[in-house]
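So the sequence lines, in the order shown, correspond to chains F and Z. Taking the numbering used here, the leading residue of the first sequence gets 1, the next gets one more, and so forth. Taking the numbering used here, the leading residue of the second sequence gets 1001, the next gets one more, and so forth.
Rather than coming from a laboratory, the hints here were simulated on the basis of the structure. Misleading hints may appear alongside valid ones.
Taking lysine-lysine pairs in the PhoX-like style, the calculated list, with each CA pair at most 25 Å apart, reads [as the list claims (entries may be wrong)]:
#1 Lys30(F) - Lys114(F)
#2 Lys361(F) - Lys1081(Z)
#3 Lys1125(Z) - Lys1075(Z)
#4 Lys1040(Z) - Lys540(F)
#5 Lys361(F) - Lys286(F)
#6 Lys286(F) - Lys1125(Z)
#7 Lys1040(Z) - Lys1075(Z)
#8 Lys401(F) - Lys1040(Z)
#9 Lys540(F) - Lys1081(Z)
#10 Lys401(F) - Lys1081(Z)
#11 Lys355(F) - Lys286(F)
#12 Lys446(F) - Lys495(F)
#13 Lys1125(Z) - Lys355(F)
If you anchor each label on the Cβ, the simulated ranges turn out as follows [what the hints assert, rightly or not]:
#14 Ala1114(Z) - Ala105(F): 53 to 61 Å
#15 Val1085(Z) - Leu393(F): 38 to 46 Å
#16 Ile1117(Z) - Phe502(F): 41 to 49 Å
#17 Ile1117(Z) - Tyr349(F): 25 to 33 Å
#18 Ala1029(Z) - Trp445(F): 51 to 59 Å
#19 Pro568(F) - Gln1082(Z): 40 to 48 Å
#20 Val553(F) - Gln1082(Z): 31 to 39 Å
#21 Thr1076(Z) - Arg488(F): 52 to 60 Å
#22 Ala166(F) - Gln1099(Z): 57 to 65 Å
#23 Ala1078(Z) - Thr461(F): 36 to 44 Å
Take a look, some chain F residues computed to stay more than 10 Å from chain Z by CB distance [as the list claims (entries may be wrong)]:
#24 Leu241
#25 Trp258
#26 Gly405
#27 Arg577
Where a beta carbon is used, it is the ideal one built from N, C-alpha and C, also for glycine.
Next come the chains, spelled out residue by residue.
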Amino acid sequence: MLAEIGFGVLVFTFFLTLYTLGAALYGEWKRLDAVVESARQAMLLTWPLLTLSALTLIYLLVNNSYQVSFVYEVTSRSMPAYLKATALWGGQAGSLVFWAWLMSAFTSLVALRKWERDRELLPWVLVVAAVTLAFFLSLIVFFENPFLRYWQTAEGDIIRAVFQPARTLPFIPSDGRGLNPLLRHPGMIIHPPMLYLGFVSFVIPYAFAMAALITNRSDDRWIHLTRRWTLWAWLFLSLGLVLGGRWAYDVLGWGGYWAWDPVEIAAFMPWLTGTAFLHSVMIQEKRGMFKQWNMILIILTYALVIFGTFLTRSGVLSSVHAFAQSAIGPMFFGFIALTFFSSVGLLIYRWESLKADVEIKSLFSRESLFLFNNLLFMSVLVVCFWGVLFPLLSELFTNQKVTVGPPFYERATAPLFAALMFLMGAAPLSTWGSASARTIGRALWKPAVAAALVTVVLFFTYSRNGIALIGFFLIALVLFVTLYEFWRAVRARRKAHRENIFSAFWNLFGRNRRRYGGYVVHISMMLMAIGILGIELFQKETQGTLALHQSLVLDGYRLEYRDIARFPAPDSREVTRAVVNVYQGERYLGQLYPRIDYYPEAKQNMTIPGQRPTLRDDLYVLLVDWEPASASGATFKVYVNPLVNWLWLGSLLFFVGILIAAWPERERRTES
Amino acid sequence: MKSRSFLLFIVVFALTLLGPVEAFAQGSAPSDDDVNRIAKELYCPVCENTPLDVCPTQACAEWREQIRLMLAEGKTDAEIKQYFVDYYGARVLAEPPRQGFNWLAYLVPPVLIAFGIFVLARTLKGWAKHDITESHGGESEPQAEVDEYVRRLEEELHKRQ
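With the sequences and hints as input, model every part of the structure.
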């Protein structure tokens, strides 16, 4: 009964979304306010309806309703309730329901707030959002239905259908297959919703951009209205990427956080265009420039959001042939083509009206530097896009499968990221409108000298690796420039308002949240860069099979194999846990407990590392799961990952920075 | 001159993508680390995007043993890699081999980026020309709009010094 209700609600919501689309279009065409209002009410209704449908599915998941095939595929009796509930996004059909639910929630939020004020744009925002929502609902209703149930025919065959077919009996498996063990990590429970939140939030600025094009509003109203949406979208997408990296580091057991896997790159690409957009809109707001370029960026971001979902959901990555056989692959492809080419067509149609009021006068002005920043982000995007696409093209045209792996991406993107870091150092010192090489040079030389001194010290004390030294120089440059900017502003506030250093610092954020939040993000990026440089350039590893009390030595650490135990865990895992004593020279540092968790229902191992994190490095010890592990011999793989914990520290600061930037600016209103 | 620097950019970028030439060494009694040194440069022929040194499947365990055997036989790293390519195809390598259709993997990004730089340079040049024409036309050049907040900060600093 519940499955029928859940499915019925989905079908009704799909038609309601089509009604929203039709009514908004017709109402705008005929200038019928009542019809447009009815479209808005219909859209507002989609959210409670999809909430009901999603809650129905969660109820089925939590209550072991294994007749429902989705529940059977992603849960099992031994899973705790919270994992059963979050298994909603553990499989394809459920994750599409979650996508649609978020989409309707965000669109409802937009439709609820300030409808009268933005009456000109909002009906068209509804149209664009309804097109996207209707597409995802059509995928769920026609291709990936999470409410299909198992039925047994008289011949003993098992078939799937929502409603009971004639001459069949319900078939209820006694237990489910259970969620993929890799997805049971806390990072993986939060990571997909964060990515989806980021993806879906970017649909809103896109919808406003399209509404501006349709209504021929060439001003930056749409940017003002979606500024905060964009920041939140960027925050969630960044959170999703970082949590994904942390999950990989903790669970996948290969001593790293980023493998340049196509699935990772699928989420990284909209982040690149989104980051370029975030910088570029500032120029439109300040100088009325780059209106066409901002449209291109938001169209690209939307296309890449759908493309990212397509890459991970269509099976195209395993093989182009799997894509052709997948039900939703061609649908996604068609939708991306339709929305991309119609958006670009609309932009071309409005091209002239979006010409800038002002033009760039200096190569060294802040807008120029932002333009170079955009070029670099686009260049990284080109490398990523081509790297993901090339294996598919190779298979299609030459029938030869190839891998485009980390060496390709790292060599191509490293100089681009270095250039981006340099710009991060120079841009805050330039001014809008006009600036010369001389004025920037005058402001830059002191931080550059300080960064050079840091580099010299590192040369004598830490490393003589040329690439690392260039990296550390750029990091130090950005940090000094940013701290100098803070110091300059705090000093001015102290003198102007007679504030102490702490209140001056605090009030600075209140005065211009976006600027100083942005600077905090820059600092956090540099902390992350320290971690990335450390693990990429200085990672060390060794592997060996040890009997009890034997040791492995790596980079000054000695690891002594002390004990091993095998025991069942409450959630049906079979745990094999080793005890390893860690020494640095003769100094005892503590114990680590690398383990292998075996999930019998999935017949799968997970290798959980024993970690000793410090700011200097991360000692990361794995019990290798493909070798037998016993007291007479267990194989350990040990990594020393220098500086990697700066990456996670930087990530925390990064979120603080975005929160500051996205927070409403109350003080500005009171001061002005 | 300009087209030459452009060509130079493409060549330099393509060379960056191509990377360094590998040099291999091997020992007579292969350790796990010797095996992993080669295995981490090969990709599992069955799983998607998984390097051989960390792939937990039984097949990969056997392939690692194969590497160990070949090292013990005195095969070089290059010979071992070639063995896997011959048996399982180019997908076992971390990058497409530099031949035939695969050259596109290395050439398309620098060409597209160079095109981006070209478009940007032309746009900036066009703006600069436009600006010169305007100022020659007798119109007074609008005063540069400096960042308001920085300007005020500087002003306050100077007043107090």
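Hints and how they fare:
no.: 1; hint: Lys30(F) - Lys114(F); in the structure: holds (23 Å)
no.: 2; hint: Lys361(F) - Lys1081(Z); in the structure: violated (55 Å)
no.: 3; hint: Lys1125(Z) - Lys1075(Z); in the structure: violated (57 Å)
no.: 4; hint: Lys1040(Z) - Lys540(F); in the structure: holds (13 Å)
no.: 5; hint: Lys361(F) - Lys286(F); in the structure: holds (15 Å)
no.: 6; hint: Lys286(F) - Lys1125(Z); in the structure: holds (22 Å)
no.: 7; hint: Lys1040(Z) - Lys1075(Z); in the structure: holds (17 Å)
no.: 8; hint: Lys401(F) - Lys1040(Z); in the structure: holds (19 Å)
no.: 9; hint: Lys540(F) - Lys1081(Z); in the structure: holds (23 Å)
no.: 10; hint: Lys401(F) - Lys1081(Z); in the structure: holds (16 Å)
no.: 11; hint: Lys355(F) - Lys286(F); in the structure: holds (15 Å)
no.: 12; hint: Lys446(F) - Lys495(F); in the structure: holds (23 Å)
no.: 13; hint: Lys1125(Z) - Lys355(F); in the structure: holds (16 Å)
no.: 14; hint: Ala1114(Z) - Ala105(F): 53 to 61 Å; in the structure: violated (43 Å)
no.: 15; hint: Val1085(Z) - Leu393(F): 38 to 46 Å; in the structure: violated (20 Å)
no.: 16; hint: Ile1117(Z) - Phe502(F): 41 to 49 Å; in the structure: holds (46 Å)
no.: 17; hint: Ile1117(Z) - Tyr349(F): 25 to 33 Å; in the structure: holds (28 Å)
no.: 18; hint: Ala1029(Z) - Trp445(F): 51 to 59 Å; in the structure: holds (56 Å)
no.: 19; hint: Pro568(F) - Gln1082(Z): 40 to 48 Å; in the structure: holds (46 Å)
no.: 20; hint: Val553(F) - Gln1082(Z): 31 to 39 Å; in the structure: holds (34 Å)
no.: 21; hint: Thr1076(Z) - Arg488(F): 52 to 60 Å; in the structure: holds (59 Å)
no.: 22; hint: Ala166(F) - Gln1099(Z): 57 to 65 Å; in the structure: holds (59 Å)
no.: 23; hint: Ala1078(Z) - Thr461(F): 36 to 44 Å; in the structure: holds (37 Å)
no.: 24; hint: Leu241; in the structure: holds (17 Å)
no.: 25; hint: Trp258; in the structure: holds (12 Å)
no.: 26; hint: Gly405; in the structure: violated (4 Å)
no.: 27; hint: Arg577; in the structure: holds (18 Å)
When the structure is compared with the earlier hints, violations turn up for hints 2, 3, 14, 15, 26 and for no others.
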